[in-house]
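Colleague: Here's the letter readout for the chains.
Protein chains: 2
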Amino acid sequence: MAIEAARLSPSLVAAAFLGRRSPPTPPLLRRLCLLLPRRSLLASASTSSSPASLGGDGRVVALSSSELRKRRSSTSSTPATGEDDKLRSLRRLFARPDIAIDAYIVPSQDAHQSEFIAECFMRRAYLTGFTGSAGTAVVTKNNAAFWTDGRYFLQAEKELSHDWTLMRSGNHGVPTTIEWLNDVLPSGSRVGIDPFLFSSDAAEELKTAISDKNHELILIRDFNLVDEIWGESRPAPPKEPTRVHAIKYAGVDVASKLSFVRSQLDENGCDTVVISMLDEVAWLLNMRGSDVPHSPVFYSYLTVEMSTATLFVDSNKVSEEVLEHLKKAGVKLKSYKAILSDVERLAEKGAKLWLDSSSVNAAIVSVFRSGCDRYMGKRGKTGRQIGKKASSDDPRQNMELNGLYKGSPVTLAKSVKNEAEIRGMKNSHLRDAAALAEFWCWIEEEVRNSVALTEVQVAENLLEFRRKQDGFIETSFDTISGYGANGAIIHYRPTPDSCSSVGSDNLFLLDSGAQYVDGTTDITRTVHFGEPSPRQKECFTRVLQGHIALDQAVFPERTPGFVLDVLARSSLWKIGLDYRHGTGHGVGAALNVHEGPQSISYRYGNLTALQKGMIVSNEPGYYEDNSFGIRIENLLLVKEVNLANSFGGISYLGFEKLTFVPIQRKLIDLPLLSPSEINWVNEYHEQVWEKVSPFLSGNLLNWLLVNTRPL
Amino acid sequence: MAIEAARLSPSLVAAAFLGRRSPPTPPLLRRLCLLLPRRSLLASASTSSSPASLGGDGRVVALSSSELRKRRSSTSSTPATGEDDKLRSLRRLFARPDIAIDAYIVPSQDAHQSEFIAECFMRRAYLTGFTGSAGTAVVTKNNAAFWTDGRYFLQAEKELSHDWTLMRSGNHGVPTTIEWLNDVLPSGSRVGIDPFLFSSDAAEELKTAISDKNHELILIRDFNLVDEIWGESRPAPPKEPTRVHAIKYAGVDVASKLSFVRSQLDENGCDTVVISMLDEVAWLLNMRGSDVPHSPVFYSYLTVEMSTATLFVDSNKVSEEVLEHLKKAGVKLKSYKAILSDVERLAEKGAKLWLDSSSVNAAIVSVFRSGCDRYMGKRGKTGRQIGKKASSDDPRQNMELNGLYKGSPVTLAKSVKNEAEIRGMKNSHLRDAAALAEFWCWIEEEVRNSVALTEVQVAENLLEFRRKQDGFIETSFDTISGYGANGAIIHYRPTPDSCSSVGSDNLFLLDSGAQYVDGTTDITRTVHFGEPSPRQKECFTRVLQGHIALDQAVFPERTPGFVLDVLARSSLWKIGLDYRHGTGHGVGAALNVHEGPQSISYRYGNLTALQKGMIVSNEPGYYEDNSFGIRIENLLLVKEVNLANSFGGISYLGFEKLTFVPIQRKLIDLPLLSPSEINWVNEYHEQVWEKVSPFLSGNLLNWLLVNTRPL
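Chains A and B, in that order, give the protein sequences. Quick note: the first sequence uses the working numbering, first residue 50, plus one each step. Quick note: the second sequence uses the working numbering, first residue 50, plus one each step.
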């Protein structure tokens, strides 16, 4: 699944589209954090987080994009009131004495900076009527403005009412939300936010930026203003049950993981850490859930103290089995909402808290800080000496009073997979490959027989092939199924009413993935069911050369991913082509399809070194506007390579492929490939045959044989 | 000429030797500035700046390393006093009422952050007796410590007296100068420096760092304490005449260059800029000099105001012709020393000054700041409002009162060569190639005839071949002539008494360059006069593959050099090899062999984009300790490439070779090369033949023909 520039800030979108390679210097990075989900920064990842809901019958249900869309339009549209009414109701709240604000910002986030969110948290969509994944609404007493990026201009024009001004982020002269607020509000205004929906860092930045015009940032913690007007029709929070992620897949038990976190606490002089990223909680507790589409996570917080740990989750999500599992690891349960009072209590008793302020929301951090102040007050001024404010070399690390503001200790640990996780990833990839072989064999036959299949139908059929595989849970993101010109839209989502039929006159790009009980997949293949043009073959072959160059890379330990990005691009650059997305993102093991901290990108802000055991995607592409799109994506495992030399006495790392699905041979312009590149293709296809054929039989075997024969 | 890690800070040296790729984050970068010449940071450049002097007869004289060494030992050694006496005399000065310090830091720099410095400024060498190029001496009332890096440990042990403690920078547990000062001095001590020898940034950092222990930094501006004890025997400052750099080589006249600088002043709201880098003054005024070895520059400062410009230089260096040239461009003359009073005068009248605080020394900046204070005082407190302290996104840019602290406007302009400069570089490279062809033909014959030639003799003979070329001035750095194991010492300098003979049993690495009236060269070739081992061929071929990959790179405009560095390394990484220096540095046009701002390095702190017209070296290598060294270096011109596509509507850039000297064919392990790499070698050698054969005749033609025949 491709990584995109578009979800990032307006300024970076502009940069990407102009082909500028502006480096994210720390100040810029900080600006980016503002109003943006943390995930998209960490992994420079994420295609659109499709607004979608899951069934409420307690079973894990996978729904296709189109089903999700149907569902949404039937449940989330408001009964009688038009959009005007919503704005009017919202503004009426502005005047309430307990609120008293001049503006309210409604971002797309949930309280955990999640990529995919539950329907009840889709406040921005409810308020604006805009159903796309990305955007920020800002409402003042007299204005209502909505920011989104180039992917969504047309959709936003259609969906927003006339009361809204569409701000086309990245277009010349379009102000940022902050510039606009500073411009339209009279000096000294009060700008309200729901502090749960902003990371602490983002809220701080916002506060500073609007203070230029003497505006005050008002954290309205007790209720969300959109929820107030949403009222009865607001969907209930997800109540899906959680489950234990079996130790044979998790590899390491919860007690060991907690004890690692505690050693980190000890090293950093802290008593407690607050974990708020949902995949970090799931990983740490060897639990999975299905509160949101595509990611097997559940709404919760976790605090780990030196001798206890507390999971804040709605108790109806916890079965007897899960309860037993948690008990065994010494994890107590409290209600999801109790996190605030618990943090307050910890602060007031002088606990030293570790908070990743780039992910932990501003509600938690502000409660912690006021609790600290009370603690200090009680102890008199001398209390101030307990912690000293000191900024370290690492801009993400800051000690202030009793708070250590530093990246979560779980992020890196989770990204380095253990043997069981690697085994699960390998096994699930083979079953996924079998499903894909079956799918490709089927669709070739259908197209050959001139059966009219829309892009949506193709995605739905793919889902059926995957569903037959053991341990299948759901898709790991909305399938990108793009024929011809649609393939050139990097984050294309077909809709049933407007999508193309897949034919044999152009390229077909299919980017999809699945959640299995033992692993997560993400694969893109581009094929032509008829005769590709020389241009298409040339472009495909250049993309393939980039894919091969990255796949074959060997590099010294401590190399950050961005150093390798050029390897995937240089074959395209040689003929003046490029692609406007990163080359690789991290992938969770039976967890989120996008995870940090590593990435392989042309942006060089992410200095995280690739480490043995990490998983990254390798997905260069090329997109010819209004014509066709190409992407070739495998997942790779970072491994140590044994070489004859080891200069500097260090380890050298390389990649091992996890994905085993044929690359269409007819799209390869053979004379462009070097002998070693031809070897790569042949060896890869030989591996595909060896690993996947045991899962197949009958005509599928024949299909695989034909599609893996040497060039 | 290779770029090294070793000249950088101790911490970075350690990082390099451990194979760590620690990114220079801004705070680290700032730390690095401390006590280090700016050049080595800007271009991550510079091999040792050999202490050497030039003849004083008014003619441009090029001396070989050994000659320079002889000269130095005969002139700069002190008469009767031992080192003890020097330390004693220095410490006696500490107590003088007008000095009153507890410690004095003696760095290796001159007042302009030059790579090569005049003998009279070699205070650190005089004081310590250590004649290597890099090191910092710190003397307290009770201690004398000297820091140098791994290249010089042996030499320092030999040359330092027992009164000195050798601090082996980069070794485990060795403190930095600042850590040491903070450790040995009683709290509240006064640490003296000569503010001319520290960039303003470095002095500020030092001041902050020692303030942790309440030490005060004392700028002793009126005299240098080492000069005081050096007394009569101190060499006179260089009095070499300057010359006009003809417009046919410079391409753009002084008036146009000044008017560009003035447009920059205008854009930045400044009245005046102070230029203190010697190559920037030389470039801006189309003048050259010979005050220091290897770089055709002269000691001077330049101020450019909106309507005037003033060159601060000793008048005896300015001939009638130069005077006329300067007059025509409206440039006034003042004495070198008048810079301080002029800056003071400008500050006191409220001028807004642009100062590159990374290169302008602390003496100038401190005089400016006190002048500003007086100006503000005169105008009352309202004066403070003229400028406001604001830090921009660019950490190097800072507006404070009337000073704009920002990189010099000349740096980038100088690095982008105009047509005349490019023509001069190309022409001088062909003459240099002819000299090298003659040299290689000669040495092959000598070795074949078993003539015993030392590494020093080889370098001296090379100089003679170059000297015969039109427009030759001098070497552009001390020739690195390393046979066998000596080749593995990246910054090896042969000495007459200890160097090896060049034979036919091992590899011979020769890195050399010249200053011509129209251009500057820098080339490395590695050859074997006998039968190379398979290991040597494999390593050589891997280095060559890296060289080819970088040479052939095509990349979008706005790409910083470090993005391309991996291309030069990946062939080595594939077998677990690497090299501990950067891959490319900028080169001046008939100017310094190392210049910024661009570089191609595995350190990713330098975000300067490569631009059309810039020149960079391409010099991957491999060094097997105690065995052999390999480096292949050409200079490349960045040019726009015309491609069939231009994705993003931007320019794509590539390289054009400037260097045309055969690469030894017998060192190539042919089966390792791809067909396109073989083509590269054959096409390059065809070009060498076409371009260089017109300069040769007789047996030289035959040598060239044999050495450029296809693989």
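Worth flagging that the hints you see were computed from the coordinates, not collected in a lab. Predicted model, so just to flag it, every value in this text is computed and none were measured. There could be a bad hint or two in this list.
Claimed, not checked - Straight-line alpha carbon distances no greater than 25 Å define the calculated BS3-like cross-link-like pairs of lysine-lysine that follow:
hint, chain 1, residue 1, chain 2, residue 2
1, A, Lys623, B, Lys383
2, A, Lys427, A, Lys398
3, A, Lys688, B, Lys377
4, B, Lys383, B, Lys398
Colleague: Does the structure keep Lys427 of chain A and Lys398 of chain A at a Cα separation of 25 Å or less?
Modeller: 10 Å, holds
Colleague: Does Lys383 of chain B pair with Lys398 of chain B here, judged by a C-alpha cut-off of 25 Å?
Modeller: Roughly 19 Å between the alpha carbons, so the hint for Lys383 of chain B and Lys398 of chain B holds.
Colleague: Tell me if the straight-line CA distance from Lys688 of chain A to Lys377 of chain B falls inside 25 Å.
Modeller: 66 Å, violated
Colleague: Hint check: Lys623 of chain A vs Lys383 of chain B, CA-CA at most 25 Å. Holds or violated?
Modeller: 52 Å, violated
Checked against the numbered hints above, the structure breaks hints 1, 3 and satisfies the rest.
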